[in-house]
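Protein chains in written order, with numbering that gives the first Met the number 0: chain R, 0 to 175; chain B, 0 to 175; chain P, 0 to 229.
No lab work stands behind these hints, which were simulated from the structure alone.
Treat each hint with caution, since some may be false.
[Claimed, not checked] Stretches of chain P that chain B covers, calculated by requiring three or more beta carbons in the stretch to come under 8 Å of a beta carbon on chain B:
1. 20-34
2. 89-95
3. 135-147
[As the list claims (entries may be wrong)] Residues from chain R shown here face chain B by an in silico Cβ test under 8 Å; the list is partial:
4. S4
5. V5
6. I6
7. E7
8. C28
9. S65
10. N68
11. I72
12. Q73
13. F75
14. K77
15. E107
16. L116
17. M122
18. S159
19. I163
Beta carbons: idealized from backbone N, C-alpha and C, even for Gly.
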Amino acid sequence: MNLKSVIESLLFISDHPLSINDFSEFSDCKKNEVEKILEELCENYQDRDGGIEIIKHQKKYQMISSPNNSEVIQKFLKDETTGELTRPQLETLTTIAYRGPITKPELEQIRGVNCSLVLRNLMMRGLIENTDQDFLITLDFLKFLGIRDVKELPDYKKLSSNKIIGEILSEPTINN
Amino acid sequence: MNLKSVIESLLFISDHPLSINDFSEFSDCKKNEVEKILEELCENYQDRDGGIEIIKHQKKYQMISSPNNSEVIQKFLKDETTGELTRPQLETLTTIAYRGPITKPELEQIRGVNCSLVLRNLMMRGLIENTDQDFLITLDFLKFLGIRDVKELPDYKKLSSNKIIGEILSEPTINN
Amino acid sequence: MYKIRTESFEGPLHLLLQLIEQEKLDINEVSLAQVADQYLAYIKQIEEKNPEEMADFLIIATKLILIKSKSLLPNLDLGLEEDEALLEEQLKMYREFVLASENIQNIIEQKNFTFSRNKYIVNDAVFSPPVRLTKERLSEIFYEIISSVKPILKLPEKAIKRAISIKEKIDFIQKLIKRRSVLIFNKVINDTKNKTEKVVSFLALLELMKNRLVSASQNKIFDNITLKKL
């Protein structure tokens with residue numbers, strides 16, 4: 000195992016700052032070794048002066064996009080979470096509205112495609128939320144639609160208990 | 000603005016594959032410039048051989064953790080990927096990987112069976128996607144295999160450009 | 000004859016490949032003709048156990064029968080000849096992909112899974128609804144989703160229907176021959192609507208010949224085939 004490579008992967012993948020303890024635990028290496036490599040990596044990234052940086056704060060390390068590009072990154076993030084919904088996003092949101100609480104596998108069974116990214120995006124926009132495995136539309140979104148309960152959605156009773164949707168959900172995951 | 004740095008930041012920050020179009024739009028630079036820099040970055044990362052890599056397929060790019068560290072990262076993310084595929088799934092994926100973009104009738108011509116259900120299941124797992132009539136493997140498929148590009152698959156050149164296969168695929172299908 | 004459990008193969012080409020490999024044969028016309036009967040025997044099993052897969056198996060049966068028929072009726076012209084040379088190539092190609100899929104299986108088993116970041120999520124969710132979305136639009140979309148799901152449920156049903164129509168054709172031809180003492184086979188062929196039907200007609204003919212219910216004769220090359228009840 001290449002410790003430097005492992006630490007770099009962990010820095011890259013983590014969505015929160017990690018302590019030397021964390022790195023030591025996951026890489027199964029001694030703290031002083033880990034710290035040495037971390038310092039080395041920090042220096043490397045500083046020298047590279049590229050689009051990725053490593054910041055250190057109270058003995059915790061985190062990888063971030065370079066502040067030089069914050070404008071572009073802000074634009075990118077804003078674009079991801081505003082504006083019109085794509086068709087897959089719209090379909091997923093609708094299905095959650097009419098069939099929620101609903102799990103990711105159930106959604107995928109109905110839509111026939113993987114929904115990971117779409118779900119993440121809808122959560123980021125505050126349109127849906129999850130409890131455990133189940134996804135629901137948020138109160139904010141209900142209010143936005145001008146209703147207090149999903150039951151007030153047009154044709155709710157008929158659509159939420161639609162037979163065809165029921166059938167596709169009860170299909171055994173086909174061994175194909 | 001340093002285009003290379005911007006592209007690296009975008010690659011780092013995005014939770015989904017980005018196309019040359021996306022990079023061009025957010026950086027406000029021409030597509031051919033962007034593509035050149037992307038290729039340069041891919042090479043740099045390959046040469047570095049560190050904990051971060053860049054994968055690409057059909058002009059889409061994504062930054063990932065190195066396959067060398069999959070065990071540590073899987074543990075860190077509490078990821079439960081096991082890699083199980085049924086035989087039809089494996090055959091279909093293989094065919095799409097080597098011959099994609101490929102249409103459903105072409106695929107059925109190679110496999111000699113109706114592929115509707117297996118395609119649906121693979122789409123639900125996010126290992127393939129379709130655009131118009133064509134099926135393609137996704138970057139998630141590359142992530143699943145731990146390769147940077149389909150071209151790294153064994154015998155890629157031979158199978159992807161096989162003349163006889165081309166001829167058979169250009170035959171009208173018998174499937175009524 | 001070797002026994003292959005129906006669960007152990009996936010599709011007609013896989014079955015054919017297994018038959019050829021069991022006999023340790025190379026993939027060529029001679030060996031295809033050699034395993035044709037075994038293949039056709041399995042088709043009957045499939046008809047009983049997996050009727051929804053029947054149609055796929057019949058398509059390959061077509062090609063096998065054409066190869067086989069050369070020895071039985073050298074001058075039969077079903078207007079399908081361009082297919083027969085291709086089966087050999089198709090099977091070779093299929094084997095290439097089977098081998099390649101074994102390579103891919105090996106790669107997957109190394110578990111070199113890689114991961115991308117999914118950082119900017121949930122905790123910093125800011126409510127940002129799509130401006131023009133209304134509840135009426137939501138219901139429209141849900142109706143559309145329902146109608147796009149419908150055909151998926153019907154997939155197996157459709158395949159079975161197709162296989163049943165093939166079975167009916169076989170019965171039809173058998174009845175036709177039983178009723179008359181002489182039948183011009185080419186007429187049966189000409190009445191068919193597509194290749195699959197042609198094959199099925201021919202399958203029925205072979206079946207009848209094998210069971211010694213009819214004899215087939217042909218006066219000269221490209222002439223009509225006359226079937227006689229025995």
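Evaluation of the provided hints:
| no. | hint | result |
| --- | --- | --- |
| 1 | 20-34 | violated (count 0) |
| 2 | 89-95 | holds (count 5) |
| 3 | 135-147 | violated (count 0) |
| 4 | S4 | 4 Å, holds |
| 5 | V5 | 5 Å, holds |
| 6 | I6 | 7 Å, holds |
| 7 | E7 | 3 Å, holds |
| 8 | C28 | 11 Å, violated |
| 9 | S65 | 6 Å, holds |
| 10 | N68 | 4 Å, holds |
| 11 | I72 | 6 Å, holds |
| 12 | Q73 | 10 Å, violated |
| 13 | F75 | 5 Å, holds |
| 14 | K77 | 11 Å, violated |
| 15 | E107 | 5 Å, holds |
| 16 | L116 | 5 Å, holds |
| 17 | M122 | 12 Å, violated |
| 18 | S159 | 22 Å, violated |
| 19 | I163 | 16 Å, violated |
When the structure is compared with the earlier hints, violations turn up for hints 1, 3, 8, 12, 14, 17, 18, 19 and for no others.
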